[in-house]
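**Student:** Chain residues, written in single-letter form:
Number of protein chains: 2
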Amino acid sequence: MMRCMIALLLLPSLTLGQRSLAEDVSLTRERVRAYRLAHERAILDELVGFLSIPNVASDREAIRRNAEFLRAMLERRGVRAEILDIGDAPPAVYGELLVPTARHTIVFYAHFDGQPVDPSQWASDPWTPVLRDRPLEHGGRVVPWSAIPTPIPGEWRLYARSASDDKSPIVALLTALDALRAAQIPPSVNIKFFFEGEEEAGSPHLRTILQKYADRLKADAWVLCDGPVHQTRRQQVYFGARGIVDLELTVYGPVRPLHSGHYGNWAPNPAALLAQLLASMRDEDGHIRIPGFYDDVRPLTESERRALAEIPDIDAALREELGLGWSEGGGRRLVELIMAPALNVRGLRAGHVGETAQNAIPTEARASIDFRLVPDQTPESVRRRVEEHLRRQGFTIVTEAPTLEQRRRHPKIARLVWGPGYPPARTSMDLPISRALVRLIEETIGAPIVKMPTLGGSIPMYLFQELLNVPVIGVPIVNHDNNQHGANENLRLQNLWDGIELYAVLFAHLGRALEAK
Amino acid sequence: MMRCMIALLLLPSLTLGQRSLAEDVSLTRERVRAYRLAHERAILDELVGFLSIPNVASDREAIRRNAEFLRAMLERRGVRAEILDIGDAPPAVYGELLVPTARHTIVFYAHFDGQPVDPSQWASDPWTPVLRDRPLEHGGRVVPWSAIPTPIPGEWRLYARSASDDKSPIVALLTALDALRAAQIPPSVNIKFFFEGEEEAGSPHLRTILQKYADRLKADAWVLCDGPVHQTRRQQVYFGARGIVDLELTVYGPVRPLHSGHYGNWAPNPAALLAQLLASMRDEDGHIRIPGFYDDVRPLTESERRALAEIPDIDAALREELGLGWSEGGGRRLVELIMAPALNVRGLRAGHVGETAQNAIPTEARASIDFRLVPDQTPESVRRRVEEHLRRQGFTIVTEAPTLEQRRRHPKIARLVWGPGYPPARTSMDLPISRALVRLIEETIGAPIVKMPTLGGSIPMYLFQELLNVPVIGVPIVNHDNNQHGANENLRLQNLWDGIELYAVLFAHLGRALEAK
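Going down the list, the sequences are from chains A and B. Heads up, the first sequence is in the numbering used here, so the first residue is 3 and it goes up one at a time. Heads up, the second sequence is in the numbering used here, so the first residue is 3 and it goes up one at a time.
There may be inaccurate statements among the hints.
Identical chains blur together in the list; that is why a pair holds if it fits in one copy or across any two.
[Claimed, not checked] Below, in silico cross-link-like pairs of lysine to aspartate or glutamate (DMTMM-like), each with a Cα-Cα straight-line distance of 25 Å or less:
{"no.": "1", "residue 1": "414", "residue 2": "315"}
{"no.": "2", "residue 1": "453", "residue 2": "306"}
{"no.": "3", "residue 1": "453", "residue 2": "312"}
{"no.": "4", "residue 1": "414", "residue 2": "338"}
Hint data in this document are derived by calculation from the structure and do not stem from the laboratory. As the structure is a computational prediction, the values presented were derived from the model and not from experiment.
Model the full structure from these sequences, guided by the hints.
**Tutor:** Now the structure itself:
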């Protein structure tokens with residue numbers, strides 16, 4: 003059915019070719035915007051339905067329901083859709099819309115799983131989306147679904163897990179197809195969609211899926227729709243991403259909680275030991291003190307340094323917004339710092355605090371850590387250096403809870419449970435696809451965009467590069483202040499509206515922009 | 003009614019006087035043991051009833067029920083009893099049993115409140131006592147109350163909050179009265195009981211209660227029944243106790259959780275900052291690194307040092323039992339180390355760990371700390387030095403959650419919430435009451451006892467000394483491995499049986515021991 007429609011659209015496409023690329027882009031934006039204004043409620047309803055399905059990667063049944071929902075969304079648009087299974091791992095969803103005249107094929111990537119939630123921290127249920135008339139922290143009130151005005155104000159926010167990360171980019175992509183079809187503007191490239199179902203769990207099966215389905219995924223480039231726009235709300239394009247590896251670190255005290263009076267000063271306190279260990283790994287300025295940790299860091303190129311210098315300085319404003327009287331890194335800018343590796347202590351647990359505090363020496367203390375990696379670090383090199391450091395600090399390393407015998411025999415024991423993790427990646431800014439994308443997006447926006455050599459966050463870009471040997475570039479659309487990964491994740495609606503226009507222009511004109519190089 | 007009984011008993015008392023103290027003690031022990039053997043189940047039933055009443059000091063209504071229960075227990079024995087109220091604070095319970103011929107008055111102290119509980123950590127409900135046929139960690143199984151044998155094995159354990167700390171000493175004291183009455187052995191001293199209702203909350207109203215009821219509490223000495231026997235299971239007597247002051251310490255990061263990829267390395271990580279701060283306060287060997295912290299520590303006297311040297315060395319066995327491959331203090335013995343102040347990190351909380359870990363920079367990190375104090379430190383001197391240290395580390399100190407403006411203005415903010423705390427105390431080992439007690443207890447036990455200059459734990463001994471100006475000496479009875487303050491607190495029954503005999507001997511013969519000096 004879709005093939006048939008595309009054949010009908012070939013004629014307008016050729017006549018459009020006589021206008022300049024700038025004129026084409028402008029016309030497409032106008033038509034897509036008109037479509038969106040006429041369909042805002044329907045677009046939102048589809049997104050809300052999608053967000054209502056819980057999507058933590060460890061909940062296999064829920065992930066399957068998301069995948070089925072997504073396949074149906076694709077098929078409604080005439081996109082050939084398929085659930086890419088490998089055993090009982092969370093599946094990916096694939097979509098394909100081929101254009102007979104297209105000379106290039108682009109894969110658009112997003113993920114439909116979300117981070118785990120702590121519902122006690124949320125103002126509303128994470129999987130019951132609500133619309134607020136402003137951000138929660140500015141007193142935003144829930145607007146009943148029966149009382150939504152037309153048009154819906156762009157500053158309103160939709161609250162739900164994955165509202166930003168990544169379900170709304172998926173809806174933006176598919177709505178862009180709807181708008182182009184309504185405007186009878188055909189795609190200029192073959193479009194493929196690859197939607198992952200366990201990105202937030204560290205993509206442990208992505209490699210297997212990409213290998214198994216390599217034939218379907220052949221393309222000239224991948225465009226990643228994950229991540230936020232720049233904190234200035236400017237559109238940004240990113241050419242790399244930090245890698246990641248996480249670590250659950252547990253150190254031990256006595257086998258049972260001990261009265262801190264009778265034994266305090268003598269029985270080793272695991273919370274104090276953990277504090278010492280963490281302090282030996284990272285100073286308060288964020289510098290990682292583990293010997294050799296920076297040895298594998300590749301220096302930035304000249305063009306990467308230039309791109310960084312052009313990025314607007316938002317640090318002071320960000321500190322103000324985030325209630326920070328200082329920032330780590332000895333005064334260096336955020337964009338410089340995310341070019342370096344990071345050690346984030348994401349959680350601490352030992353004994354009890356506050357009302358339930360007990361005068362006892364805890365039996366163990368635990369830290370949860372995520373490391374962010376930059377080229378040419380790997381999870382393996384990080385793991386090796388961390389373990390060497392722990393051994394030098396006198397720790398015996400175990401991977402399971404230590405036995406009584408082990409605890410008696412070894413003075414200091416650390417249990418390390420490493421996540422699988424993945425390495426960082428970076429695409430050259432000087433490739434034809436890199437230049438074409440930047441040019442086309444700047445035409446769409448009408449202003450310079452932010453070009454990030456490496457995004458601070460982690461997405462498995464390295465795999466596409468390594469397995470499929472293609473350039474990978476990120477074109478994100480959601481707001482930066484979206485509480486991604488935390489409680490009260492949200493989407494600023496204007497970002498969805500703008501994202502629909504941007505993706506529609508990429509579909510419609512990237513082919514021409516690539517040929518104009 | 004009690005007065006009448008005592009008059010009747012005067013004759014046997016005088017005739018007993020013709021035997022040696024050692025013979026008297028031996029006879030009393032035999033008769034009390036016979037009484038206990040004949041009444042074990044009834045003794046246990048009374049204790050179980052008492053333990054079934056929840057007793058966290060912050061639960062005022064429950065504390066009131068405990069006090070009423072305790073008053074009834076005293077009155078059943080003909081002890082004049084009274085609830086000592088001051089406003090709506092947790093009350094104390096007072097009891098008085100005067101003996102016309104007695105020349106000395108001794109107050110016996112214990113507390114009936116217990117530490118807060120985390121029921122998820124308990125093998126059974128903290129306020130539903132269960133009897134196990136051995137310790138839980140050695141596979142102890144619950145024995146149904148309908149299947150308790152006679153006699154009840156001394157190695158069996160009773161599990162409940164306050165099973166050891168301090169409800170069973172209270173039952174031991176009152177059962178000792180029952181046994182003496184049954185054996186027609188009169189007390190040799192005027193006996194007063196003072197049972198506190200908020201010791202585990204730091205005794206914030208004890209001063210006011212002691213001042214208000216000072217006339218009733220006049221005595222020649224206080225005997226404290228709180229605390230455990232020595233880890234060798236030998237009887238111990240203690241002449242001091244460490245003081246205590248607790249601190250809830252919170253440091254801050256961004257006002258909302260931030261994606262650790264996009265902001266990690268730049269937004270201050272409060273968990274890493276807390277680790278640095280704790281590491282600056284205490285090394286992993288337990289030495290407190292806060293400048294001047296040890297300046298107020300009074301050196302031990304010659305007799306205190308001698309008493310310490312006589313205490314059996316149990317460190318290696320304790321490490322074995324507790325699964326410890328090392329102990330803090332650079333190899334010094336436990337008994338030496340508890341003569342010094344301690345900083346115990348009793349809890350840590352920041353972000354999330356394990357299954358719920360999120361790749362986010364937490365908004366705050368919290369440590370719960372208890373300091374143990376020795377003469378001549380005070381909570382005020384500790385507080386001053388800690389706060390000076392924090393300021394030197396660059397922290398701005400606040401006592402409430404900081405406002406957004408404060409967070410923006412001050413690079414590092416620490417919120418400090420101090421508990422009231424109390425100072426340490428130490429009674430001289432060379433006073434007549436000290437010598438008489440040691441002699442009488444060694445007669446009872448038939449072996450040398452452990453004489454501790456200062457107990458590691460904290461009890462408000464200083465107040466009795468300061469306000470009532472009397473010697474204060476501890477004579478504890480419960481097992482050392484009782485999980486006091488932690489989950490699965492328990493009592494080894496033999497300690498209750500032995501304690502009944504010991505307290506009975508003190509009631510019956512302390513008067514004569516004091517005169518024999």
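**Student:** For every hint, state whether the structure bears it out.
**Tutor:** Evaluated hints:
1. 414 x 315: between (45 Å within a copy, 23 Å between copies)
2. 453 x 306: This pair counts as within: shortest intra-copy Cα distance 9 Å, inter-copy 73 Å.
3. 453 x 312: within (8 Å within a copy, 74 Å between copies)
4. 414 x 338: Between copies only: 23 Å across chains, 37 Å inside a chain, cut-off 25 Å.
In this structure, every one of the numbered hints holds.
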